[in-house]
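**Q** One letter stands for each residue in the lines below.
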Amino acid sequence: MSDSTRMPLATITRAPSRGMITLRGDLDNLDLKVAASTVAGVDMVSTRQIAWGDGRGMAWMSPDEVLIFVPYDEVPSALDTFSKSLSSQHHMAVDVSDARACFVLDGAGVRDVLAKGTPVDLHSAVFAPGELRRTRLGQVACALWLRDETLAEVICFASVAEYVERWLDVAARPGAEVSYLS
Amino acid sequence: MSIRLSTGGRLIDRTQTLSFTFNGVRYQGYQGDTLASALLANGQTLLGRSFKYHRPRGVVTSGAEEPNALMNLGTGARFEPNQRATTTRLFAGLEARSQNHWPSLKYDVGALNSALSPLFSAGFYYKTFIHPRPFWKHIFEPVIRQSAGLGAAPTQGDPDTYEHYYATVDVLVVGGGVAGLAAAREAVAAGARVLVLEQGEAWGGRALVDGGDIDGHAPDLWAAQTVAELAQEGAQMRLRTMAAGVYDHGYVLAYERIADHTPGDGRPRHRLWRIRAGQVVTATGAIERPLSFAGNDTPGVMLASAVRDYLSLYGVACGERTVVVTNNDDGYRTALALVEAGCEVPAVLDARPDHDSDLVQQARAAGLRLLFDTGVKKVEGGAHIQRVIAAPMSGNGPSETIACDCLAMSGGWSPVVHLWSHCGGKLLWDDARAMFKPDLTRPPLGAQGQGFVVPGGAASGALLAHEALEDGANAGRDAVRALGLSPASTPLAQVNAQTDETPLRPVWIMPNGADYALRSKAFLDFQNDVKVSDVQLAAQEGFESVEHTKRYTTLGMATDQGKLSNINGLAILADALGKPIPQVGTTTFRPPYTPISMGAIAGEARDELFKPTRKTPMDAWHDDNGAQWEPVSDWRRPYTYTRSGESMDQAVTREILNTRQNVGLLDASTLGKILVKGPDAGAFLDLIYTNMMSTLRPGRCRYGLMCTENGFLFDDGVVVRLNEDTYLCHTTSGGSDRVHAWMEEWLQTEWWDMKVYVANVTEQYARVAVVGPQARTVLERLGGMDVSREALPFMAFSDGTLGNIPARVHRISFSGELSYEIAIPASQGLAFWQACLRAGEDLGIQPYGTEALHVMRAEKGFIMIGDETDGTVIPQDLGLSWAISKKKDDFIGKRAMERSHLASPDRQQLVGLLTENPKTVLPDGAHAVEGGKLPGDAPRPIGFVTSTYFSPTLGRSIAMALVERGSRRMGETLAFNTAKDVWVRAKIVDPVFFDKEGARQNV
Chain A
39 MSDSTRMPLA
49 TITRAPSRGM
59 ITLRGDLDNL
69 DLKVAASTVA
79 GVDMVSTRQI
89 AWGDGRGMAW
99 MSPDEVLIFV
109 PYDEVPSALD
119 TFSKSLSSQH
129 HMAVDVSDAR
139 ACFVLDGAGV
149 RDVLAKGTPV
159 DLHSAVFAPG
169 ELRRTRLGQV
179 ACALWLRDET
189 LAEVICFASV
199 AEYVERWLDV
209 AARPGAEVSY
219 LS
Chain B
83 MSIRLSTGGR
93 LIDRTQTLSF
103 TFNGVRYQGY
113 QGDTLASALL
123 ANGQTLLGRS
133 FKYHRPRGVV
143 TSGAEEPNAL
153 MNLGTGARFE
163 PNQRATTTRL
173 FAGLEARSQN
183 HWPSLKYDVG
193 ALNSALSPLF
203 SAGFYYKTFI
213 HPRPFWKHIF
223 EPVIRQSAGL
233 GAAPTQGDPD
243 TYEHYYATVD
253 VLVVGGGVAG
263 LAAAREAVAA
273 GARVLVLEQG
283 EAWGGRALVD
293 GGDIDGHAPD
303 LWAAQTVAEL
313 AQEGAQMRLR
323 TMAAGVYDHG
333 YVLAYERIAD
343 HTPGDGRPRH
353 RLWRIRAGQV
363 VTATGAIERP
373 LSFAGNDTPG
383 VMLASAVRDY
393 LSLYGVACGE
403 RTVVVTNNDD
413 GYRTALALVE
423 AGCEVPAVLD
433 ARPDHDSDLV
443 QQARAAGLRL
453 LFDTGVKKVE
463 GGAHIQRVIA
473 APMSGNGPSE
483 TIACDCLAMS
493 GGWSPVVHLW
503 SHCGGKLLWD
513 DARAMFKPDL
523 TRPPLGAQGQ
533 GFVVPGGAAS
543 GALLAHEALE
553 DGANAGRDAV
563 RALGLSPAST
573 PLAQVNAQTD
583 ETPLRPVWIM
593 PNGADYALRS
603 KAFLDFQNDV
613 KVSDVQLAAQ
623 EGFESVEHTK
633 RYTTLGMATD
643 QGKLSNINGL
653 AILADALGKP
663 IPQVGTTTFR
673 PPYTPISMGA
683 IAGEARDELF
693 KPTRKTPMDA
703 WHDDNGAQWE
713 PVSDWRRPYT
723 YTRSGESMDQ
733 AVTREILNTR
743 QNVGLLDAST
753 LGKILVKGPD
763 AGAFLDLIYT
773 NMMSTLRPGR
783 CRYGLMCTEN
793 GFLFDDGVVV
803 RLNEDTYLCH
813 TTSGGSDRVH
823 AWMEEWLQTE
833 WWDMKVYVAN
843 VTEQYARVAV
853 VGPQARTVLE
863 RLGGMDVSRE
873 ALPFMAFSDG
883 TLGNIPARVH
893 RISFSGELSY
903 EIAIPASQGL
913 AFWQACLRAG
923 EDLGIQPYGT
933 EALHVMRAEK
943 GFIMIGDETD
953 GTVIPQDLGL
963 SWAISKKKDD
973 FIGKRAMERS
983 HLASPDRQQL
993 VGLLTENPKT
1003 VLPDGAHAVE
1013 GGKLPGDAPR
1023 PIGFVTSTYF
1033 SPTLGRSIAM
1043 ALVERGSRRM
1053 GETLAFNTAK
1063 DVWVRAKIVD
1073 PVFFDKEGAR
1083 QNV
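So the sequence lines, in the order shown, correspond to chains A and B. Per the numbering used here, the first sequence starts with residue 39, numbered consecutively. Per the numbering used here, the second sequence starts with residue 83, numbered consecutively.
I should point out that these hints are in silico values taken from the structure, not numbers from a laboratory. Positions of the beta carbon are idealized from the N, C-alpha and C atoms, including for glycine. Please note that the accuracy of each hint is not assured.
[Stated by the list, open to error] Pair ranges (Cβ atoms, derived):
(1) B:G727 <-> A:A53: 41 to 47 Å
(2) A:P157 <-> B:L87: 46 to 52 Å
(3) A:P167 <-> B:D582: 54 to 60 Å
[Claimed, not checked] Listed next, the stretches of chain B that the computed footprint assigns to chain A, with coverage defined by at least 3 CB atoms under 8 Å from CB atoms of chain A:
(4) 353 to 364
(5) 588 to 599
(6) 689 to 699
(7) 752 to 764
Isolated chain B (complex conformation) (with noise of 0.2 Å):
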């Protein structure tokens, strides 16, 4: 039973208690506790089951590499999943619930699946649910769905806020332990910009625990000094903040844990540093390894590091009687640490032969009681460790049965390596300390060749204090170095720990020879279930990669993702297959070191910040007037005005006929608009459109095509001459900033010699196009220019003032009828808008949307960029031949519109569609489809629907597709097929619907 001792506890303040729930019932703890330490204060130690065999599990460790002790925490919509109960700071009101139980913790259901534990070997999935066929999808994924999965999913929206920040640095430290500590004097003492970042609540690590004493000091002494000064010195110093991941050139991704154990109190939850360093020195420290034997997996057995962490950080003792099980001198350390404690420790077992270090002597004078070559055979106990089966580690000889309810295990020490690695640093393997540790002759590599991480201390392979600390400094001194800085002669801080250390034995199985019933209870990954007796099973099956077999057995694979598995398992898949631990190697280290929380992710990309709207300055009068918003690339824009009782296809309808009949009001503001300016223009010009831009004289409008390299039809629009040298070339309202960028790009890499000038001035103009026979009368009656047909014809354009606003006013149509698209600027343009509807009120004018204009074009035959092209379509796809130019020596897509498959004439072809029936409107996209009806002529797609409403105008649906041979099939009908044996019959027409001849924007 694991209690709260009456003193100790150096993180924890006992004049502050916290009340908390587990499971719904109250418990205390104190300020400065984790979640895991107040349940263990409080003497519970069963905290959730396991993923497949649903066997009971405890907390293992005291911090990140936690598998077993996951809650549910909080509840509504601060409820999470999957949260480490060894990282959670305990909080007052504090809700915590354990997982993957039914329907309680105690009495578990799913435990069955333990007792069936042989049926649930290695693949045992795949190899299961594989026959017959339909019965996965049907029956065994749902059902194995619903049992499967550690947290329940939150049902409702994050009511927290999260941010991302910017940091750039010159020496980011990874570790504010001893190591980190040291290296941050280095660099900040050459000068370096520094950023510490630790992921725990407070600096100095396992010195903190283990440190002995640091130039004549307590190492929390130590290490508050040294960060007092480092932060004095300029250093930034951040707890709480993981390093989650190292990527190409130096950028690093944190995660701040601000305000978890303040919920609710306005600060953003969550904070990703987004860190930008010359240097990464990863100061990480070292996990240690679980040893491998029956029963190991029982509630009460831990790591001997978390059984002393407890014990010191949080005055917390695991056990009343703990056995501690080592094959290396740190498990010492755990035994000596109890005994101070007045902790009962009835054995030591070491699983080397007699020796005689200065921790080993130090436990004699303790009066402990020391098995050498001794191992465990098995845990007994159901929820809870009961006893401890020592026996020889040669697997013979006599057992002895050691009650406890503490079983204290260390397998020797792994680096965490993790961030290293993330970005390419390769490993070498320690055979001394039974590791794999970075080769610091290929660490990560920079833009410029050079290594840019540095790992320091523990996660370099100084396990030892003293070795961690003179290790980190010199880690900050060649990250200095790297920056081309010189390191400051700072003298090293001076560690007084103990230093003679009998070498650990690899033991990667206890005992030696275990038998299969011993080795299928072994545990290799506590919260996937996977053992010792799968790995071996995956080997003798042939999966030699330790990659295949880590998705094999799902060993590595829990939301732990392996932090305590990995070593241990590739170890006995090394040697299930006969070949050294290297040559096998390992699994790659992805980031996040531990998992990051989505809405850190987003950051503040939420709610009305998501994504940015672009809107135009008549936007607030569309909203106030009834728009229905549409996206149309960023903007926003009105689909259609509803008025009161009215639908969506009734406002279109009414928009439209009120259009052409009377006059309407359309806000094109979105209207793309690069100026173009240079001697060069026109040349330019000639080159970037298909057709001839140059002859375009002064005042009139020309309307053109724009393809790439490879002769597809992107963007197309009206290109006005404002003078000489100077165009301005109209875009799709999605295609502005890429034509934009796309003139830039030639201007600078390749015609750089071309004397010519572009701005992108979309937003400078907001522009009203007043389309409708009344068109002209209202621009006539605000006054100040000449719009008649004389002066101002079809496709010319004029400057003046309109009702005493500066007006650029163009004759040009995308609906037929007479049209004026006015530009004016963009601070005028709601004045403008509302000038226009005092000015045509008697004669009927309304705002239309986008939709009615879709329509009208429609009616007219005009395409639209991305309805009748979708990046494979040619201009003459579409019977716009006319506007390529034969007259010039070149122009973008020239050449590839020559090559035989753009100039075939079997291409899909811009046709009209009018359906038998006029009252059916075709599917948009739906496929035309020929043959299918002779044996061996199987049925093929000849083309598919581009555009398709139902005209006001025509009173009748119209359409048009791309088909193929399309203009030599006019009047044939085709088959569309728009549902499961559901045809469409289509006559194919010319796509001009309505007004031909054009006499009606011809006035």
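Isolated chain A (complex conformation) (with noise of 0.2 Å):
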């Protein structure tokens, strides 16, 4: 009777430890704009938006608040970068990176698979890639953006991995197509 493929709309998988720094401070300072596109490795980003290339990159957080992303080993000494170049200004650099836990989707039905648990509008005319949410998943805080078409990135609190992880599997699984925004 079912019309379902028998595909998950999504394959999900739990990324890798990633390098996170919450950085805060004046974005519009030049100091800490050019230390933070150093150490992310991409420009600086505006409202909403995130910059990813190449495992490292940058999220916009909040007007006073970014998120760097840097390889895992590398966190101690991008601290050690901002504490030194932004010596003279109020800021904050902490490492977040064993607070977080990443997952990648990847499949056409991503933004589906997203639109079941978060009321963010995802519609590709508002959410393409390059964009980053703080929004909440099923019950839980997260950010969601897409890296590309297919390819969708959501970021938790660690305590919290395990319940998206089935959260994610569940909205995804075979048989729970909506066909609506994929």
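Both chains are given apart, each in its own frame, so use the hints to dock them into the complex.
**A** Right under this line is the structure:
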């Protein structure tokens, strides 16, 4: 009776450990911009944006906060860079790598999977690759973004990683197609 | 007798036969049938019994408004009661049972109630069962509950899955009839993002049955073409999806029934759509009203539109001889359709005087016998209609008996205004069509004061086909204009349909002046058995408000929520009160439009996804090593670790004694950790905490308290100063998110000029407490840091590595023992935990859980937020005045603490309790009572137990309590009431029970 294809809407995998640094400060400050983009290897991001490339990146978190991505082992040196180059100004740079878990969703149905749990407007006209949202998925806080049209990432707190993984598996399971955004 | 005709049935596929059962008997239907149409096709017209009188009930409608044809569907885990046969799609293997009868549908004992119906008038229960008073609880209520209720409750867990889906659209169109499709065309043409929902199985709405032709096409063809075009242009089209409710800010809930007809196929059964719409077009159509005459509830009496629907959509004739009774032209459509299908129509009874509209002319041309100014006086027949007694509408004059097996009634149409009304849209009374319709000048308003719902088509009062299409298109244009878009100039589809109709005659009781005997058999609410006489009685007894009348008579309170009965009932009430209908008004329309499943509301949040559980990095180890879990806010923590053959109590005792004698290990990772950094961090924390934090030296720890503006203690913990401008604030396990949000709020809204950043780093670190006389030895064996008394004194911390793992080691103690709390990166938490276990193996190291933690802190008289506090307790109550700075100008809660009630010396204060019998453990929350011994001296509670344990360390029970003027009652003995006439006597003592001088932790 079912017209389902028996394929999941997307495959879900937990990403390997990733260095993540919360950087708070005046995002318009030139020193901060230089330090952030040097460490992250990408240009400074604007509101609700994420820039990503080759294991490094930067995501806008709030008007005074960005999340810096670096290879896991490079966190101490990155913190050192921030500490030195921003010594003269009020800022905070803190390692949150172990506090987070990242999941990669791969498949044509990624938007529909996420739309089952987040109130964000995920329509392609609004939420294109390069956009990041801090929102919730199911009952927990998360950030989500698209690397490309069929590759999405979800970042959540480490303590709820099991919940998020199970949630994503259930939402993406074969038969649960919505065919709305995807 | 209803039958399947050899031809016709737009929605059924006669090549696909489906087998199903009703009350255990096997029947056949076709693909595309509803359960109702399939039952009618098999001659099944008796489908259930009514709620109160157990009167026989048959299907009345063909849609969501059905009050009667409610079924128990499915068996076992998929059993579900109260499902409407009219909206249940037939599938192979469907099992249905009728409801509310005993012992069988045909012979029902409860029908005796019907014979006694004169006794069961409005308010019967209220009036009859009020005396003697005690009888209600013990006799009346249990018996009434036994006999009431429709479907049975399911007994097993639901095996199906459900989910939610969020959608954001510019225009949501509710209803896939011609009006909705026309509105969607306009919205799509203007470039809007559009979602169209249709609750039924097919696009086209009533036009499939009645539509004439649209742009030269049959309505089904036009609908199919339009739907294809809309989808092509990007509109989302969803069948089987009902908009259940409209809420503030353009929020709409919709209910998609995905797999009701394919149980167990792996798809979610239902999906709850959570839609954010810029504008909502409600093209929800209209519902035909029944007529009120004696016996109008007899099976075989149906809405005229439903008779036509079954004929046209499913090829089912609801009777072989169908009388039509109507007060408007629409009834003639049914008569003509029946004649065309070869069914017999012995008469059309028209409540209006002779007239000559297009439809009447067609009826005459078809040779129909038309009786004007005539109504139904009563219907005769038991389990099925046998004859109609027709009589002049005046109520006087000769009556005529007409044999028939179906009566099609039309009392006019009511626009479906539910969704318009959910969020505050107002209604107008249209006298000419005798209906409430949306008052377009008073729509539900959005955040900017703009209307966000636009009704279209019949839902707006545009009942005729050509009106409906134009009105729907206009609604679509209004919606896009409201969004700031420009409507495209698309040509309107042209409808060729009947336009000349004679106005209806409002008829609320048939015939006029029907006597009591007739009125008490004229039903308004078929499901709840509310009759015309009941509403009149309510009015007579002083119920003037329609809302009160509804509750008194139960009119409209059944599972159909009065979709058929509402307007008829309030018209009767208005008449009885001598008021115009609009002055009486309607009852409130509330979501959902029709019931939605609990599963859809829960969505995926069931079983393991019911609620997220936060887990520490060592969670799996605990689970493998006997942890008995306890929820601590959203975390799960080991309460204790049981060994084989050990009870929980025994395990807790073992863990405490081992920690006090050897060394214990606690997973304290859940402890909240908020990083506070900036030049103003010290000044900020001086305001957040009651005590002084700016004077804390780097490398040192200080216990601190946080109060609300009202002075009440809400969180506590140790603050450490990492360097000149950086502090790490530890919070309670449950308080980390709250405290973080609290700090952010103060920084963002009040002290925005302070240079301070905060970050919640709770989960960045795992945390292990190594506790007990051998704790230092364990850390020394791990190696890497000097953890000696001199290098790391009590209330100091130090950064370094332990066993090659980066560690921040704090000398703090919540147990009174020599204690180190070590923060390590979360990713290395488990490795560190295991390293400690190995290093301490020969020292007797054992993990301990939260209960041992609680008992040990109580032995030391340490408070626990949530045990000793309840949101009304101030630090001073707990003997923590030492932590209230006298030197600071201000801190949150300072001013409140100066208020008379908080400064009163008579407040309850924390004390320790020792029971007279050391084996007796006071129950948590037990109250101490004073007075009551002398006449006029009522006993009153003076305090209550906040923490209570059996202390293995001391070999006796200990407790803490908040007691009025407790600090001045030392040595007094109080009596705690623990059960009826059971009192436990306990002496008030200092709350520090163990090692008051702190010798054990200062080693």
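**Q** Against the earlier hints, flag every one the structure doesn't satisfy and list their numbers going up.
**A** Per hint list: single violation, 5.
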